[in-house]
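Asks: Make a model of the complete structure from these sequences and hints.
All letters in the sequence shown, in the order written, are residues 12 to 147 by my numbering.
Just so you know, the hints here were simulated from the structure itself, not pulled from any lab data.
Take every hint as true, because none was put in to throw you off.
If you anchor each label on the Cβ, the simulated ranges turn out as follows:
| # | residue 1 | residue 2 | range |
| --- | --- | --- | --- |
| 1 | 142 | 106 | 25 to 31 Å |
| 2 | 74 | 125 | 22 to 28 Å |
| 3 | 49 | 143 | 39 to 45 Å |
| 4 | 84 | 110 | 38 to 44 Å |
| 5 | 42 | 75 | 32 to 38 Å |
Beta carbons are placed, not taken as given, at the ideal position from N, Cα and C, and that holds for glycine.
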Amino acid sequence: MELIVEIVLMVHSIVRWLIVGVGVLAVLDLAVGWLFRRPFGQRDRGLVAAFTGLMDLQVLLGIIFLVWSGLAEDGFPFYRIAHGLIMLVAAGAAHLNVRWKTSPDRLRFRTALTAIVIALLLVTAGVAVLPDGLSR
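Replies: This is the structure we're talking about:
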């Protein structure tokens, strides 16, 4: 059972870097699209969907790790609960762009960019509450 908890934590740690990578790519792509008044295309939708999907996967892995390790060995220290709550809000922020999916392209770029930036800022805050914080 301990091995499964370690595997879930390892995958959770790998997915965070995928989130950062896709998030940075999406921010750059959306900013360029917004500034140059480009049509909101398939690549833009794909990056936003990939970011949101990775955030959802990360939340699922985090919940599995929190519950499993909490019940099996570590309990539920405050920093883990705080981390989980902040990350749930971050995942919610990542989904905000859906409200504007039928809006004009310029507005879609702006709102998707804003949603991803807010989500990334919340992710940074969520990691900062962990014992090793941002040095992990």
